[in-house]
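Enquirer: As you go down the protein sequences, you meet chains A and B in turn.
Residue numbering for the first sequence is 1 to 404, as defined by our numbering.
Residue numbering for the second sequence is 1 to 149, as defined by our numbering.
Calculated from the structure, these hints are not laboratory results.
This one's a predicted model, so the numbers in the text were calculated from it and none came from an experiment.
Just so you know, even glycine gets a beta-carbon here, dropped at the ideal spot from N, CA and C.
Treat the hints loosely; a few may be bogus.
These stretches of chain B come out as covered by chain A in the derived footprint (C-beta under 8 Å, 3 or more residues) [unchecked claim]:
1) 88-102
2) 106-119
3) 122-135
What follows is a set of in silico ranges between Cβ atoms, one per label pair, in the way DEER data are often shown [said to hold, decoys possible]:
4) B:Ile113 - A:Glu312: 39 to 49 Å
5) A:Gln30 - B:Pro66: 47 to 57 Å
6) A:Gln16 - B:Asp54: 42 to 52 Å
From the derived model, a few chain B residues whose C-beta atoms are all more than 12 Å from chain A [what the hints assert, rightly or not]:
7) Glu2
8) Ile8
9) Asp36
10) Arg146
11) Gly147
12) Cys148
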Amino acid sequence: MLLLKDARNVEDYLAQGGFKALRKALEFEQDEIIKEVETSGLWGRGGAAFPTGLKMKFVRKERKTPKYIVANADEGEPGTFKDRVLMERNPYQILEGMIISAYAIGAKKGFFYIRYEYRDIAKDIERKIEELRRLGILGPNIYGSKFSFDIELVLGAGAYVCGEETALMESIEGKRGFPRIKPPYPAQYGLWGKPTLINNVETLANIPVVMRMGGANYSRLGKKGCSGPKLFSVSGFVKEPGVYEANLGEKTIGEIIELAGGVEGKFKGIMLGGGAAGFILNEEYLDMPLCFKDAKERGLFLGTGDIIVFNESVELWDILLNIAKFFEHESCGQCFPCRYGTKRMREIIEKIVCGEGRKEDIEKLNATARAMKIASLCPLGTSAMLAYESAMNNFREELMGVIQ
Amino acid sequence: MEEKVRKIIYKHRNDDSKLLAILHDVQNEFGYIPEDAIKTIAKELGMKKGEVYDAASFYSFFKFKPEGKHEVMICDCIVCYIKGSERIIERIEKEFGVKMGETTKDGKFTFKIVEGLGHCEHSPVMMVDGKIYGDLTPDKAVEILRGCE
Ligand SMILES: Cc1cc2nc3c(=O)[nH]c(=O)nc-3n(C[C@H](O)[C@H](O)[C@H](O)COP(=O)(O)O)c2cc1C
Ligand code: SF4
Ligand code: FES
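My request is simple: use the sequences and hints to build the entire structure.
Expert: Printed below as a string of structure tokens:
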């Protein structure tokens with residue numbers, strides 16, 4: 001395994017070749033590192049699947065200073081727990097990736113933003129940051145080089161939207177977590193208006209892998225144009241729920257479910273990409289390879305890479321109500337289409353769950369979904385209806401069966 | 001109290017990201033964020049009291065009044081939901097005579113529903129004072145809570 005290693009303390013991590021990638025990187029020119037990451041074909045693991053090297057390049061070429069780097073460990077998407085498991089089992093690889101990235105873009109200061117629900121892990125990461133300072137791997141003149149860098153840990157306080165990169169920056173600045181209007185993007189206007197690189201913690205853990213094996217070799221892991229190891233959170237009705245690692249494109253959805261011990265009960269469907277901002281799919285998708293491109297060709301996203309398995313006990317309208325409540329609660333309320341739309345969706349679905357759904361209600365739901373998609377300010381508002389829409393595509397008969 | 005709050009603020013003088021860190025420490029110290037603490041924080045950070053409150057109240061885990069001795073967070077998000085979280089909530093409400101969001105009469109527990117605890121391999125899950133309990137059944141949940149001092 002390249003990511004899911006067991007290296008909970010620094011001795012183990014060093015024994016497994018830890019921080020070699022950082023030493024190597026410090027002998028590279030900054031642009032050479034970015035070139036390696038670009039060649040590797042590493043795309044972001046936080047949901048949006050943006051090419052990591054390109055984002056580094058954008059920040060690198062900005063003239064404004066200081067520059068910042070942020071590790072996103074907010075992991076608020078329901079059904080997603082891979083970042084937590086990674087932080088528990090292989091935390092130093094994330095920190096190493098963060099230090100290398102900081103060097104590449106020319107950042108002296110980084111922030112590690114972690115959700116409140118993971119506060120025990122946050123304490124542990126804080127201790128590890130302190131430990132790395134003592135070892136000269138963080139702080140002034142890292143490994144005797146000219147490069148100095150330090151990390152500040154920031155504990156969130158319970159808001160799904162704060163995982164969105166610009167809301168997260170507002171939060172670090174000590175404000176409400178309202179998403180900003182983009183552009184400008186964080187690469188130009190990030191923390192305190194300065195160029196900022198923000199990456200998911202799993203993305204950062206891939207950076208030492210790229211540096212160790214070289215971008216070209218990394219790009220051959222998995223499938224062309226969709227490369228590298230990826231973590232999948234598999235939960236719901238499987239016999240062994242947990243986090244599983246596979247190279248992108250190497251395994252199908254069905255195969256990952258088998259890795260997780262197979263279905264408990266009779267298979268009904270899955271939710272892919274996120275337990276809120278995700279897609280409800282039927283058995284036709286079981287042979288889809290888990291790869292950003294294959295997903296895109298079918299009009300889907302891998303999102304955070306989670307797979308929630310439903311068996312025959314799961315009622316789809318109940319699930320949709322659960323998701324609608326989630327979005328109503330988590331909408332930050334800054335813009336009207338999302339604030340009103342999430343409430344409206346919940347009300348209509350509630351009515352349907354009570355057995356009072358009519359054809360007009362479906363029309364109203366569709367209209368609300370359309371309006372939110374067009375007019376919401378951030379991706380929370382534009383993804384709140386994905387579960388409903390995909391369920392309608394794949395389980396139309398069942399869903400319409402209760403409509404009068 | 002002002003002395004304690006000032007100490008907390010001083011502790012974070014070198015942080016770039018101050019406000020959340022200070023609010024967390026104040027809440028750890030007093031169990032909630034008292035109004036007077038907000039006043040002191042505002043003064044020390046050169047903010048308006050309203051600004052501090054505005055920011056703080058955005059986050060669902062900051063509390064502005066005292067709550068029960070133990071904070072019980074029950075996850076009702078999708079994975080926990082399909083694995084039976086509603087039955088656990090129902091049972092707890094019956095057993096402790098409260099609704100979610102309320103504090104028991106003896107002040108021992110405050111119960112909350114939360115949106116995703118991130119331990120879905122052990123759904124259904126609850127968190128008691130920061131500690132995770134997974135693979136719950138209604139009986140097991142009640143047993144764990146009865147075991148709290
Ligand atoms: C509502 C919302 C919540 C998000 N939550 C997270 C999160 O918890 N963790 C994360 O890494 N990215 C999250 N993202 C994606 C971030 O905005 C951003 O794309 C990501 O941190 C970039 O890192 P990457 O390029 O390494 O994937 C969220 C986005 C939205 C719209
Ligand atoms: S779309 Fe929703 S979450 Fe995003 S800014 Fe608007 S109200 Fe807030
Ligand atoms: S849905 Fe409850 S812990 Fe993940």
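Enquirer: What are the numbers of the hints that this structure violates, sorted from low to high?
Expert: Hints 1 and 4 contradicted; others consistent.
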